[in-house]
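Asks: Sequence:
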Amino acid sequence: MNSDDGSNSTELHSDRSKLMSMSLLTNRGILVAVSSNFLGKSFIINKNITSIGRLNECDISIPDPAISKNHCKIIFDKDNKFYIEDSGSKNSTFLNGKELKKKAHIIYGDRIIIGTTILRFFLEEKIED
2 MNSDDGSNST
12 ELHSDRSKLM
22 SMSLLTNRGI
32 LVAVSSNFLG
42 KSFIINKNIT
52 SIGRLNECDI
62 SIPDPAISKN
72 HCKIIFDKDN
82 KFYIEDSGSK
92 NSTFLNGKEL
102 KKKAHIIYGD
112 RIIIGTTILR
122 FFLEEKIED
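For what it's worth, the working numbering labels the leading residue of the sequence shown as 2, then goes sequentially.
Quick caveat, the hints were computed from the structure, so don't treat them as lab data.
Using N, Cα and C, we set each Cβ at its ideal position, and we do this for glycine too.
It is possible that part of the hints are untrue.
Below, simulated BS3-like cross-link-like pairs (lysine-lysine); rule was C-alpha separation at most 25 Å, straight line [said to hold, decoys possible]: (1) K42 <-> K91; (2) K91 <-> K79; (3) K79 <-> K103; (4) K104 <-> K79; (5) K127 <-> K99; (6) K103 <-> K127; (7) K82 <-> K104; (8) K42 <-> K127; (9) K70 <-> K127; (10) K91 <-> K70; (11) K70 <-> K103; (12) K70 <-> K104; (13) K82 <-> K127; (14) K104 <-> K48; (15) K82 <-> K103; (16) K70 <-> K48; (17) K102 <-> K70; (18) K104 <-> K91; (19) K127 <-> K48; (20) K127 <-> K102; (21) K70 <-> K99; (22) K104 <-> K127; (23) K91 <-> K127.
Distance ranges between label pairs, derived from CB positions [claimed, not checked]: (24) G89 <-> E129: 17 to 25 Å; (25) L25 <-> G89: 32 to 40 Å; (26) P64 <-> L25: 30 to 38 Å; (27) E129 <-> N57: 32 to 40 Å; (28) P66 <-> T27: 29 to 37 Å; (29) P66 <-> E129: 42 to 50 Å; (30) K103 <-> S36: 18 to 26 Å; (31) H106 <-> K42: 19 to 27 Å; (32) N38 <-> K79: 19 to 27 Å; (33) T27 <-> D60: 14 to 22 Å; (34) L25 <-> K70: 35 to 43 Å; (35) K79 <-> S37: 35 to 43 Å; (36) N92 <-> E58: 17 to 25 Å.
Could you build all of it, start to finish, from the sequences and the hints given here?
Replies: So, in structure tokens, the structure goes:
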């Protein structure tokens, strides 16, 4: 790996590209907490409408005091697209640094802030058959 010509590092890069190109995205969403308060916690979105808030009755319950009882929701529509919509929360919902004023389309890697919790939106991946 410490070859002077650097061929091994190119080989590793090539292998990593092959692995990445072999994975396929599915229609199941995943939210991953990337802020220190819940770092690494993940939530699977597997319903057409997924409620997010502080209440235990929400589909995704996050015990962040800055999150409203029923803060926002993620919608998976018939066209296989995901949307996020604020549910009239006290502290708003932010998508990629902008306050949500209406329902917005979300895509792989989007950054969502609710309360003091930062989440990233991803899609489940599987290895190509």
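Asks: Compare the structure with each hint and give your call.
Replies: Verification of the supplied hints:
| no. | hint | in the structure |
| --- | --- | --- |
| 1 | K42 <-> K91 | 23 Å, holds |
| 2 | K91 <-> K79 | 30 Å, violated |
| 3 | K79 <-> K103 | 19 Å, holds |
| 4 | K104 <-> K79 | 16 Å, holds |
| 5 | K127 <-> K99 | 31 Å, violated |
| 6 | K103 <-> K127 | 32 Å, violated |
| 7 | K82 <-> K104 | 12 Å, holds |
| 8 | K42 <-> K127 | 20 Å, holds |
| 9 | K70 <-> K127 | 34 Å, violated |
| 10 | K91 <-> K70 | 9 Å, holds |
| 11 | K70 <-> K103 | 19 Å, holds |
| 12 | K70 <-> K104 | 19 Å, holds |
| 13 | K82 <-> K127 | 18 Å, holds |
| 14 | K104 <-> K48 | 17 Å, holds |
| 15 | K82 <-> K103 | 16 Å, holds |
| 16 | K70 <-> K48 | 19 Å, holds |
| 17 | K102 <-> K70 | 19 Å, holds |
| 18 | K104 <-> K91 | 17 Å, holds |
| 19 | K127 <-> K48 | 19 Å, holds |
| 20 | K127 <-> K102 | 34 Å, violated |
| 21 | K70 <-> K99 | 21 Å, holds |
| 22 | K104 <-> K127 | 29 Å, violated |
| 23 | K91 <-> K127 | 38 Å, violated |
| 24 | G89 <-> E129: 17 to 25 Å | 42 Å, violated |
| 25 | L25 <-> G89: 32 to 40 Å | 37 Å, holds |
| 26 | P64 <-> L25: 30 to 38 Å | 34 Å, holds |
| 27 | E129 <-> N57: 32 to 40 Å | 39 Å, holds |
| 28 | P66 <-> T27: 29 to 37 Å | 34 Å, holds |
| 29 | P66 <-> E129: 42 to 50 Å | 43 Å, holds |
| 30 | K103 <-> S36: 18 to 26 Å | 25 Å, holds |
| 31 | H106 <-> K42: 19 to 27 Å | 24 Å, holds |
| 32 | N38 <-> K79: 19 to 27 Å | 35 Å, violated |
| 33 | T27 <-> D60: 14 to 22 Å | 19 Å, holds |
| 34 | L25 <-> K70: 35 to 43 Å | 37 Å, holds |
| 35 | K79 <-> S37: 35 to 43 Å | 37 Å, holds |
| 36 | N92 <-> E58: 17 to 25 Å | 20 Å, holds |
The earlier numbered hints that this structure contradicts are 2, 5, 6, 9, 20, 22, 23, 24, 32.
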